[in-house]
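Q: Start from chain A and add chain B according to the hints.
Protein chains: 2
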Amino acid sequence: LPADALPAFLHLPSLGAAGAAVPLGPDDLHYVRRVCRGRDGDLATATDGAGKVAEVRLEDLRGAGRAVVLRVEERPLRRAATVLCGAPEGERADWLVEKLAELGIAVFQPVDCARGGWGRAAGRLERWQRLTVAALRQSRQAHRMEVRAPLPLAAAVAALDPATARWLAEPTGAPPAAAGQDAPLEVVAIGPAGGFNAAERDLMTAAGFTLISLSDNRLRTETAALAWAAGWAARGLARAPGVSRS
Amino acid sequence: LPADALPAFLHLPSLGAAGAAVPLGPDDLHYVRRVCRGRDGDLATATDGAGKVAEVRLEDLRGAGRAVVLRVEERPLRRAATVLCGAPEGERADWLVEKLAELGIAVFQPVDCARGGWGRAAGRLERWQRLTVAALRQSRQAHRMEVRAPLPLAAAVAALDPATARWLAEPTGAPPAAAGQDAPLEVVAIGPAGGFNAAERDLMTAAGFTLISLSDNRLRTETAALAWAAGWAARGLARAPGVSRS
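Chains A and B, in that order, give the protein sequences. All residue numbers for the first sequence refer to the working numbering, where the first residue is 1 and numbers rise by one. All residue numbers for the second sequence refer to the working numbering, where the first residue is 1 and numbers rise by one.
Okay, chain A solo, but in the shape it has when bound (with noise of 0.2 angstroms):
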């Protein structure tokens, strides 16, 4: 189906229990009226972004605009990713953050390097939350991804869940294939433009990270980390049940 085909999908973080009406801000209300042509009575999808989904009812969207919630479900998390990323060259960030989002990853954790600080990047925090958004919407996921404030790499290494596989990508590692198996918490460590330094590969494989390589050709950071995901994502869906045919 087409976008425009499908009913409208709204980030409302504070969405209530059946029954409720929520308020619409500025962004939702002109995304409703302008861009789905939404009328009053019209149904539409809304999620928190923390796994609430509920089917809606629009109201009174020439004045300020609501959402009565008509019934609600909980999508749980089956499995969650985690990309510690270095910094890319110039704007790259930007569309690495719609892209991620996109493809489901739930933490996107910039990291300060030896060879590469995220510096003034850091200053556009409140943009890629608006990313975050509108990728939520066009995917039509239940969860958005959580953008965090930049961390020197030893401290975000140290804030991973114990249970969380971890692999670290660097052309010298094993195929993802025969790197090992998919794991419900997992997180990749991408290195900033200039690489990781000697240290910080020494700090992560002591933390238990794997070497994998994500393609034949170097790959500039944002394309690294994007190219894992992508493989993630095909991963969860391959172990989706009912999607296997012969």
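Heads up, a few of these hints could be off.
No copy labels: a pair is met if it fits in one copy or bridges any two.
Claimed, not checked - SDA-like, lysine to any residue: derived pairs with alpha carbons at most 20 angstroms apart: (1) K52 / R75; (2) K52 / P7; (3) K52 / R218; (4) K52 / D216; (5) K52 / A80; (6) K52 / A142.
Everything labelled a hint here was simulated from the structure, so no lab data went into it.
A: Quick look at chain B alone, frame taken from chain A:
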């Protein structure tokens, strides 16, 4: 190794046999002098973007600049992928071209579809050519991605080599892992922002395309193209000799 610790990597379309002196263009000269801080007598790697890779010696860098070919080898394309791509929204094709080139896609073929044509974006062919050169340098490949002028979908399908394994990205498809084996020649068709219509899907299934799904989420055109390309690149790695490990 960080990028600046590697020898310069040049795109010289007129790369000759050993002994030839190839003039550097203004872009190459800038790259060698300013980015790589090269000096006369330095060695570099050069490719014609069509499988020829040479070791060259840089000379006259303060003048017009030239590369003297020391030795040449051919790197035949082991496997080649074509992306038939409907028009994404806005300027999103620019980075898509760059990323597909980095991942080693052989041919980018824009296709005009019922629900979306390339229109003015077709005028960006020259810019896209430049992006493929930059990506070739960045990823140090011997083969430059070919960017073709837009074609109607039916014409692009008719022009495919009969031996090409054919995939059609659709949310209802099978996971790539379930969809069959890898092939030396592969093509994927990605719908425009508005999606393929039924007649286009019928045309492709009649032409031997198999439906595959890339993610549980609805992906934008450019994200779907890139997700498929990342999977294709990773499959190539997994089959490469000498990289598996227990």
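Q: Which constraints among the numbered hints does this structure fail? Numbers only, ascending.
A: none
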